[in-house]
Every structure is written in C-alpha cells, then in structure tokens.
Amino acid sequence: GQQVMQIPQYQHVQEGEDFTTYCNSSTTLSNIQWYKQRPGGHPVFLIQLVKSGEVKKQKRLTFQFGEAKKNSSLHITATQTTDVGTYFCAVPYNQGGKLIFGQGTELSVKP
Amino acid sequence: DTEVTQTPKHLVMGMTNKKSLKCEQHMGHRAMYWYKQKAKKPPELMFVYSYEKLSINESVPSRFSPECPNSSLLNLHLHALQPEDSALYLCASSQGVNRYSYEQYFGPGTRLTVT
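Taken in sequence, the protein lines are chains A and B. Numbered by our numbering, the letters in the first sequence go through residues 1 to 111 in order. Numbered by our numbering, the letters in the second sequence go through residues 1001 to 1115 in order.
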C-alpha cells in the first residue's frame, strides 16, 4: 500500500540554524500536505503542494515538491523557539479523504 | 470560524465503562474524521464520514462505534475498551473528500486513559 518515508526522525538545532525534513514516496503522488503539531497540541495544516517542481514559501518556511512528484521537503530558515514541534507530511491514499502520514520529524530548538 | 471542538479534553475510563467522545465543526465541511494517535507516532485514521455517511472504516474493533447525527457533529462511542486503547483521539473535518484531498482541520483531541 501507499507509504511515505520521512526523515530525520529527530532534529536538534541551535536557535538561528536552519532545519529541513524530507518525505519520499515510491509512487507518484497527486499532492502532498504538511502539518505541524506542537508539543501537547494537535496537527495544524500548513500547506498543500500539487504541481511538479512546486515551491511555496510562508515567511521562513519553504516547501518543495519534487519534479517527479515522489518527494517533498520543508525547510525552515533561521529557526526560532516557536518552530518547536513535530512536522508531518501527509499524502492521499486512493480516494475518499484518507491521508497517510509520514512518521514525523520532531524539531527541538535550543535558545 | 475555522475551529473544530472536542469534548471532553481528558477521559479516564474503566474497561467495563461506556463513554462517548464528541466533535463539532461549524465550517460547513461535509467530511469528518476520527484519528487515533499514540505518543511519538503519526495520527492513524479510524473512520471517515462523508455527507453524514460512513465511507471508510479502517478495520477498527467494534468496541469503537462512530456516529454522525448531522453534518456538524461526530461522536465516537466507546465500550469495553482495553488499556492499549489509551491514546489521543483526534477529530478532523474537511471541505469534502476527493482524489486530490482537501486540507483537514483537527480538533484539540481527547486524551483517553483506559484503566
């Protein structure tokens, strides 16, 4: 079945350093979504990527969708303590609204 | 209003109890979801309702029984749960369901402990 591999599992950075998490699929994706879950919180939708090679920016966050639509990345420039949390990619599985989530990358930021 | 609400926030129940989790959204969304999330793990889909009809059941044990009384409400009835069912139960909603997926809005969750 559809699977998506997300790496790394954990990332510890010093405040001000950059951070990147990657998602990879063995099959071509119709789209990919990214969510952030703060400690003790719930997943919050960040963005959806649909087009091959698409790049979207939200302030210090840059999202990319690979040319082959099999991989995606989330890059945070100059991390802040407010960026702490777990970042999940999520891909659709068949139709019907089902999303398959990556294992998540837990980001901790040392001030 | 882009909020999904869930009650209760916390629930402790014995293995012989019957309880219900409640979820509500007022965004006019036509799809609603129940997820289960264990610590340090991603959310796992349990059920999907589309236009108030159950469209996906991820082979969830019958001790979990979903109900969608109307387009804004979603319940999860719990009975004879096991300690391994302890988890964060998340409700979500989306505009609809289709091949390309809509973004999902999650509620704050109910943290369930089964003793």
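Just so you know, not all the hints are guaranteed correct.
To be verified - No farther apart than 25 Å at their CA atoms in a straight line, the calculated lysine-lysine pairs in the DSS-like style are these:
no., chain 1, residue 1, chain 2, residue 2
1, B, Lys-1053, A, Lys-110
2, A, Lys-57, A, Lys-69
3, A, Lys-36, B, Lys-1018
4, A, Lys-98, B, Lys-1040
5, A, Lys-56, A, Lys-98
6, B, Lys-1022, A, Lys-98
7, A, Lys-36, B, Lys-1053
8, A, Lys-56, A, Lys-36
9, A, Lys-36, B, Lys-1041
10, B, Lys-1022, B, Lys-1041
11, A, Lys-110, A, Lys-51
12, A, Lys-110, B, Lys-1022
13, A, Lys-36, B, Lys-1036
14, A, Lys-98, A, Lys-110
15, B, Lys-1040, B, Lys-1053
16, B, Lys-1019, B, Lys-1038
17, A, Lys-70, A, Lys-110
18, B, Lys-1053, B, Lys-1022
19, B, Lys-1041, A, Lys-70
20, B, Lys-1022, B, Lys-1036
21, A, Lys-110, B, Lys-1018
22, A, Lys-69, A, Lys-98
23, A, Lys-36, B, Lys-1019
24, A, Lys-69, B, Lys-1036
25, B, Lys-1022, A, Lys-57
26, B, Lys-1038, B, Lys-1009
27, A, Lys-36, B, Lys-1009
28, B, Lys-1053, B, Lys-1036
29, A, Lys-59, A, Lys-110
30, B, Lys-1018, B, Lys-1036
31, A, Lys-70, A, Lys-57
32, A, Lys-69, A, Lys-36
33, B, Lys-1053, B, Lys-1041
34, A, Lys-56, B, Lys-1019
35, B, Lys-1036, B, Lys-1009
By construction, these hints were calculated from the structure, which means they are not laboratory data.
Distance restraint between A/Lys-70 and A/Lys-110, which requires alpha-carbon spacing of 25 Å or less: violated (32 Å)
25 Å limit on alpha-carbon distance, applied to hinted pair A/Lys-98 and A/Lys-110: violated (35 Å)
25 Å limit on alpha-carbon distance, applied to hinted pair B/Lys-1041 and A/Lys-70: holds (22 Å)
A/Lys-36 paired with B/Lys-1041 [C-alpha distance capped at 25 Å]: Given that 25 Å is the threshold and the Cα spacing comes to 13 Å, the pair holds.
Straight-line alpha-carbon gap A/Lys-36 to B/Lys-1018, limit 25 Å: violated (33 Å)
Given pair status - B/Lys-1041, B/Lys-1053, alpha carbons within 25 Å: violated (28 Å)
Hint consistency between B/Lys-1018 and B/Lys-1036 [alpha-carbon to alpha-carbon, up to 25 Å]: At roughly 18 Å apart (the allowed maximum being 25 Å), B/Lys-1036 and B/Lys-1018 satisfy the hint.
Given pair status - A/Lys-57, B/Lys-1022, alpha carbons within 25 Å: violated (36 Å)
Given hint A/Lys-36 paired with A/Lys-56 - CA-CA distance at most 25 Å: Satisfied, since the Cα-Cα distance of roughly 16 Å is no more than 25 Å.
A/Lys-69 paired with A/Lys-36 [C-alpha distance capped at 25 Å]: holds (21 Å)
Hint consistency between A/Lys-98 and B/Lys-1040 [alpha-carbon to alpha-carbon, up to 25 Å]: Given pair A/Lys-98, B/Lys-1040 holds - Cα atoms ~21 Å apart, limit 25 Å.
Given pair status - B/Lys-1053, A/Lys-36, alpha carbons within 25 Å: Measuring from Cα to Cα gives roughly 29 Å; hence the hint is violated.
Going through the hint list in order, the structure does not satisfy hints 1, 3, 7, 11, 12, 14, 15, 17, 21, 23, 24, 25, 33, 34.
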